[in-house]
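Protein chains in written order, with this note's numbering: chain S, 1305 to 1604; chain P, 1305 to 1604.
None of these hints come from the bench; they were simulated from the model.
Take the hints with a grain of salt, since some may be wrong.
Said to hold, decoys possible - One-sided excerpt, in silico: chain S residues whose CB lies under 8 Å from chain P:
id: 1; residue: Val1336
id: 2; residue: Pro1342
id: 3; residue: Leu1345
id: 4; residue: Ala1431
id: 5; residue: Leu1432
id: 6; residue: Gly1459
id: 7; residue: Ile1471
id: 8; residue: Ala1475
id: 9; residue: Gln1476
All of these numbers come straight from a predicted model, not from anything done at the bench.
Cβ atoms here follow ideal geometry from the backbone N, Cα and C, with glycine treated the same way.
Number of protein chains: 2
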Amino acid sequence: MRRAATANGIGIMDVLASWARDFESVIDSMLVPDPAVPPVLSEAVRYSVQGGKRVRAFIVTRICELCGGTAEMAAPAAVALECVHAFSLVHDDLPAMDDDDLRRGRPTCHKAFGEAEAILAGDALLALAFEIPATGIVEPAVVKAVVAELAKGTGWAGMIGGQTTDIQSEAQPPELGLVQRIHRYKTARLFVTAGRLGAYCARAEEAQLAAASAYGQHLGLAFQIADDLLDVTGSAEQMGKAVAKDAEAGKQTYPGAVGIEASRAAARDEVRKAIQALEIFGPAAEDLRQLANYIVERRH
Amino acid sequence: MRRAATANGIGIMDVLASWARDFESVIDSMLVPDPAVPPVLSEAVRYSVQGGKRVRAFIVTRICELCGGTAEMAAPAAVALECVHAFSLVHDDLPAMDDDDLRRGRPTCHKAFGEAEAILAGDALLALAFEIPATGIVEPAVVKAVVAELAKGTGWAGMIGGQTTDIQSEAQPPELGLVQRIHRYKTARLFVTAGRLGAYCARAEEAQLAAASAYGQHLGLAFQIADDLLDVTGSAEQMGKAVAKDAEAGKQTYPGAVGIEASRAAARDEVRKAIQALEIFGPAAEDLRQLANYIVERRH
Chain S
1305 MRRAATANGI GIMDVLASWA RDFESVIDSM LVPDPAVPPV LSEAVRYSVQ
1355 GGKRVRAFIV TRICELCGGT AEMAAPAAVA LECVHAFSLV HDDLPAMDDD
1405 DLRRGRPTCH KAFGEAEAIL AGDALLALAF EIPATGIVEP AVVKAVVAEL
1455 AKGTGWAGMI GGQTTDIQSE AQPPELGLVQ RIHRYKTARL FVTAGRLGAY
1505 CARAEEAQLA AASAYGQHLG LAFQIADDLL DVTGSAEQMG KAVAKDAEAG
1555 KQTYPGAVGI EASRAAARDE VRKAIQALEI FGPAAEDLRQ LANYIVERRH
Chain P
1305 MRRAATANGI GIMDVLASWA RDFESVIDSM LVPDPAVPPV LSEAVRYSVQ
1355 GGKRVRAFIV TRICELCGGT AEMAAPAAVA LECVHAFSLV HDDLPAMDDD
1405 DLRRGRPTCH KAFGEAEAIL AGDALLALAF EIPATGIVEP AVVKAVVAEL
1455 AKGTGWAGMI GGQTTDIQSE AQPPELGLVQ RIHRYKTARL FVTAGRLGAY
1505 CARAEEAQLA AASAYGQHLG LAFQIADDLL DVTGSAEQMG KAVAKDAEAG
1555 KQTYPGAVGI EASRAAARDE VRKAIQALEI FGPAAEDLRQ LANYIVERRH
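For reference, chain S alone in the conformation it holds in the complex (with noise of 0.2 Å):
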């Protein structure tokens, strides 16, 4: 159905957002806090996890039907991933380091609730990342394969080592390598861990678990790129959250390396690399065509 749609000319923003919303019901019945929970950690966690687009879920989704599993088979992972993201915006919105107000259109975390519950909020979620597969996926072989990606796209060799370098950055001089570098940690690596999660999730060969992080890798460049550039070019309303940040913070990018031409020609390379690692699965594949096209012509 979601194929057919999109043959009908129905754009791939309209497949994600349906599917997303549709997939909430999944988040929803994976993040059922037991009564030992103090509400308002549960109440933070469940606001921090709410509204995102649900792109990385829907790559881990879609890369394990395209390896031959279902969306069952790769709902805890991808509900673990989107996990995994919304601990890593809390925490980079707090006040020691991005000091963000403004998150998918409302307060922060750390505005909603405070400081100290966000940080608390954030670990919560990092660990129900992992509690979920662990105790979601029926397969031990998966779930060991899950929990090791996650955790290395995740950790200090992964994203959490990007978001350091990051904020370790600011207030140099632009250098495209050292962007580069960042890009690659802090964004990308979180979407080549979507791709090899849908993988594992369907037991994939080899070549399609390469395939996938390829097309991860790729995707989340330009991904990141775009972002830069909206930063630049968009308005806070279409965002959701400030503009015209990074530079006022120093922060490494894009644009203020190369420029904005040069960034839109960098960020159309990525997509054309990411739709070219896609080629292994055949025309099934169009709707992970469509998104990295969008990717680069997205407004917010």
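Keeping the supplied structure of chain S fixed, place chain P upon it in accordance with the hints.
This is chain P only, laid out in the frame that chain S set:
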């Protein structure tokens, strides 16, 4: 050798200290950053994991051995639990939380490396706590059990939930039920996890798992009551951290709720129950019995 030394009259403090020295090299071998890790992050992570008494790792290892396993089988889970413990200390010490400057006799992580770096180092330690067992334990079924238990013990219905209740209850009048709930989740839950991880690593029987859980629960409660008492009666030099901070911060403590003598009696009662739980393991559990007794007699 360990038990012989104990029988010869060398106290459990010395046994534990000697074991902990050997265990440092196990931790080091599992915390090797790959070149992608930013140096400041790997330094902050390794700094934060240094210097603990390794009580939790000792319990994981000894329970595993008592259930028929080896120290080698327990090592990834034991290191993982020390990572969770270190993560919790780094985040609890943050200015937005308990705002501590001193930990294990040295500046806290945020004092030594900066606040953003400390948030990220804590996050990285939590991710490592899952990466280490997922990659270091061979048997997928053990990985699944260990990761699920670690995540539950750490998460919103575990230690993080307990810390949330602790923060939320500051400046409320001391109340025994509330103190007990905080102690159970904030502290004892991770000792339960220690016992359970040891049992899982040895593929123990259900009765051994239950005994290991009960030992952890009672030992953890005794440990936290003793910690509350030391905050009242100890010196900063002995403790390696600031003291008399609980009352100042309006913390819920056992002595605050029921007084010093009743707290001592409660700690002794928990120690008695912890020792009772070890019955199933016979004389071989002598060092864990001594550990329980030491908990209430310790000076730091």
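Evaluation of the provided hints:
1. Val1336: violated (11 Å)
2. Pro1342: With a minimum Cβ separation of about 5 Å from chain P (threshold 8 Å), the hint on proline 1342 of chain S holds.
3. Leu1345: holds (5 Å)
4. Ala1431: Status holds, d = 4 Å.
5. Leu1432: holds (6 Å)
6. Gly1459: holds (4 Å)
7. Ile1471: This interface hint holds because 5 Å falls under the 8 Å limit.
8. Ala1475: violated (13 Å)
9. Gln1476: Violated, because the Cβ-Cβ distance from glutamine 1476 of chain S to chain P comes to roughly 13 Å (cut-off 8 Å).
Checked against the numbered hints above, the structure breaks hints 1, 8 and 9 and satisfies the rest.
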